[in-house]
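Peer 1: We have chain W; now place chain A onto it with these hints.
Number of protein chains: 2
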Amino acid sequence: MKRYNSKILENFIKNIFLKLNMSNKDALKVSKLIIQSDLYGVNTHGIFRLPNYVKRITEGGMNMNPNIKVIKERQSTALLDGDNGIGHIIMEKASKLAIKKAKKTGVAWVGVKNSNHAGAGATYAMMPLEKNMVGIYLAVGSANHLPPWGGIDMLLSTNPIAIAIPSQFKPPIVLDMATTNTSYGKVKVAASNNENMPIGWMQDEKGNPITNPKNADQGFLIPIGGPKGYGLALMIGILAGSLNGAAFGKNVIDFNKDFKTTTNTGHVLIALDIESFMPFEEFINEIDNVWNIMKSSRTMEGYSNIRLPGENRHFIFEKNTKEGIELNEDTINKLNQIAKSLKVQILN
Amino acid sequence: MKRYNSKILENFIKNIFLKLNMSNKDALKVSKLIIQSDLYGVNTHGIFRLPNYVKRITEGGMNMNPNIKVIKERQSTALLDGDNGIGHIIMEKASKLAIKKAKKTGVAWVGVKNSNHAGAGATYAMMPLEKNMVGIYLAVGSANHLPPWGGIDMLLSTNPIAIAIPSQFKPPIVLDMATTNTSYGKVKVAASNNENMPIGWMQDEKGNPITNPKNADQGFLIPIGGPKGYGLALMIGILAGSLNGAAFGKNVIDFNKDFKTTTNTGHVLIALDIESFMPFEEFINEIDNVWNIMKSSRTMEGYSNIRLPGENRHFIFEKNTKEGIELNEDTINKLNQIAKSLKVQILN
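Chains as they are written, first to last, in this note's numbering: chain W, 5 to 352; chain A, 5 to 352.
These are calculated hints, taken from the structure and not from any lab test. Remember, it's a predicted structure, so these values are computed and weren't measured experimentally. A few of these clues could be false.
The list treats identical chains as interchangeable, and a pair is accepted whether it falls inside one copy or across any two copies.
To be verified - Okay, derived cross-link-like pairs now, PhoX-like style, lysine-lysine, Cα gap no bigger than 25 Å in a straight line: (1) Lys-210 to Lys-299; (2) Lys-107 to Lys-73; (3) Lys-174 to Lys-254; (4) Lys-76 to Lys-104; (5) Lys-261 to Lys-192; (6) Lys-192 to Lys-299; (7) Lys-299 to Lys-254; (8) Lys-210 to Lys-29; (9) Lys-11 to Lys-338; (10) Lys-11 to Lys-36; (11) Lys-76 to Lys-108; (12) Lys-107 to Lys-76; (13) Lys-264 to Lys-254.
Here chain W stands alone, though its shape is the one from the complex:
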């Protein structure tokens, strides 16, 4: 394990994307958005994904200079066509548009099609916070690892939801979760770290638990609350996929196996202006109260304290900003292989 300053990693990513013919402006943006996940400790969705992105780009499966367009628009809604660009750039645009519209009408729902993996959902759900808004992000996951409840054919992804709520003196409350007990990214990290998975993450076709992440191909993820998580994954898939004309169900290609076919990833970003309901200062003060009230609960045996969603990420962000982002040897090696092949400065 080794820690790297975030600026060094951002620069590393930027140089790689520049070599792959991304514009300077976009490369700067994407590198920051990718590293933001790592700063918050979401190491499954940050620089760890770069080799995958690069492979897709070099094999022709992603457009380096997309013409991102609003193809349908009303006062409080829009549908964006991402032109097969990298998800980060498209979702940043979607967030900005949602914020702009919500400022005018109170709420906005922006759908996205023809996008790609965009990293951690919290990155985009948090964007409206700067403008005194709540942010909600939905997405169709980039590979199907979940069958409908009671089934064994993987027709659904871990379709995640992220919700971000601004606060006053406390960190914002940020929930960013797959609708399965774990994300497939965590399975990949477990495999990369040679660690076993707990029971409840995955099961095989007979319903037996899978604990070795190297056997992940023999089964599938388990939804939260059984049929309820299946229901949520399905609904998020319909709202972020079907409704946007994006891939859902059988149309979702596995972005870890097929690097050529357009993924047509769908996302949604909702921005909700707090002032539509109550004065902003009153609301954020109330959210600090919510923090204190939840923290006031006595704990169960085996738990030392109550955590709020996003609390850990907040403190990891402070630590990683100061001390740097930790990468394991496997990841560093993979990144440096790419750097060498593209003749870019490697990570030391």
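Peer 2: Relative to the frame of chain W, chain A by itself:
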């Protein structure tokens, strides 16, 4: 067990509310909205709740002639003050307003405060379907039965979410779920039926399962996916409660124990106009495809077929409409006690 025609039950409820000084117009509406839950087989949220409603009304905890007002309004948002009326009437108004606004701008988010229990969330999530929209309902539950994850103080409710998606020839897809493995209503029905609860529904302060619903007071509900369900319950509570100036956390009074204090229940209704994203006909055809694709999955041992959210309710609706709504003896006795005390025609 005995089956009653829905019209007979509607009339029964209407007569009771008329005796309690509700207007004829509202009594007609509420009785239909309550029985709609029973028609769909959601027997935990229908006429089963009437004794509770009546107790609250007679003890002065609910306003029979509320002045429901829009107290904040923008193009795509509104905040309704329900003036402590029964939730059904308030949420019907909220749904209508959301639909009207979404028709103009594409999406609307209507928050509600000073409301009360409104029955099943699906009732309101389904209202936008008639206008070619998606409906989403959020609410703060009417009693705290859930601690924050790792805690033992019940500061959260089962805060439910309902999402309804229109279809073409298939039944609509309707998810209506608590963010706990079960709703407290199901615990009460189990108690009323003298049935044991499965492991996973409730646990005590040491984390041991509770299976006898008569011991429900000794523990609390378990959230779906552990900390994820806690996170969802918290976020729904903030959006439907805090943001609307409605009760959340310590302010939630237990509507099964305290019948005098104003509950200040909060709800949210979101209406999303499908035509903002794609032609309606194309979308509902696609939803029928989603049905067929999910149904196409091979099943796991022990499962005979794949179900879509709302599939069961749809077929129960058809059966109950034809054959009547089934009530158990305990419920019939409780309802008839009320009828007798109010000098209203009893159920035979």
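Peer 1: Hint by hint, say whether it matches the structure.
Peer 2: We went through each hint and held it up to the structure:
{"no.": "1", "hint": "Lys-210 to Lys-299", "in the structure": "between (41 Å within a copy, 19 Å between copies)"}
{"no.": "2", "hint": "Lys-107 to Lys-73", "in the structure": "both (21 Å within a copy, 24 Å between copies)"}
{"no.": "3", "hint": "Lys-174 to Lys-254", "in the structure": "between (43 Å within a copy, 19 Å between copies)"}
{"no.": "4", "hint": "Lys-76 to Lys-104", "in the structure": "both (16 Å within a copy, 20 Å between copies)"}
{"no.": "5", "hint": "Lys-261 to Lys-192", "in the structure": "within (13 Å within a copy, 49 Å between copies)"}
{"no.": "6", "hint": "Lys-192 to Lys-299", "in the structure": "neither (33 Å within a copy, 29 Å between copies)"}
{"no.": "7", "hint": "Lys-299 to Lys-254", "in the structure": "between (43 Å within a copy, 12 Å between copies)"}
{"no.": "8", "hint": "Lys-210 to Lys-29", "in the structure": "neither (50 Å within a copy, 55 Å between copies)"}
{"no.": "9", "hint": "Lys-11 to Lys-338", "in the structure": "within (19 Å within a copy, 69 Å between copies)"}
{"no.": "10", "hint": "Lys-11 to Lys-36", "in the structure": "within (9 Å within a copy, 62 Å between copies)"}
{"no.": "11", "hint": "Lys-76 to Lys-108", "in the structure": "both (18 Å within a copy, 15 Å between copies)"}
{"no.": "12", "hint": "Lys-107 to Lys-76", "in the structure": "both (19 Å within a copy, 15 Å between copies)"}
{"no.": "13", "hint": "Lys-264 to Lys-254", "in the structure": "within (17 Å within a copy, 53 Å between copies)"}
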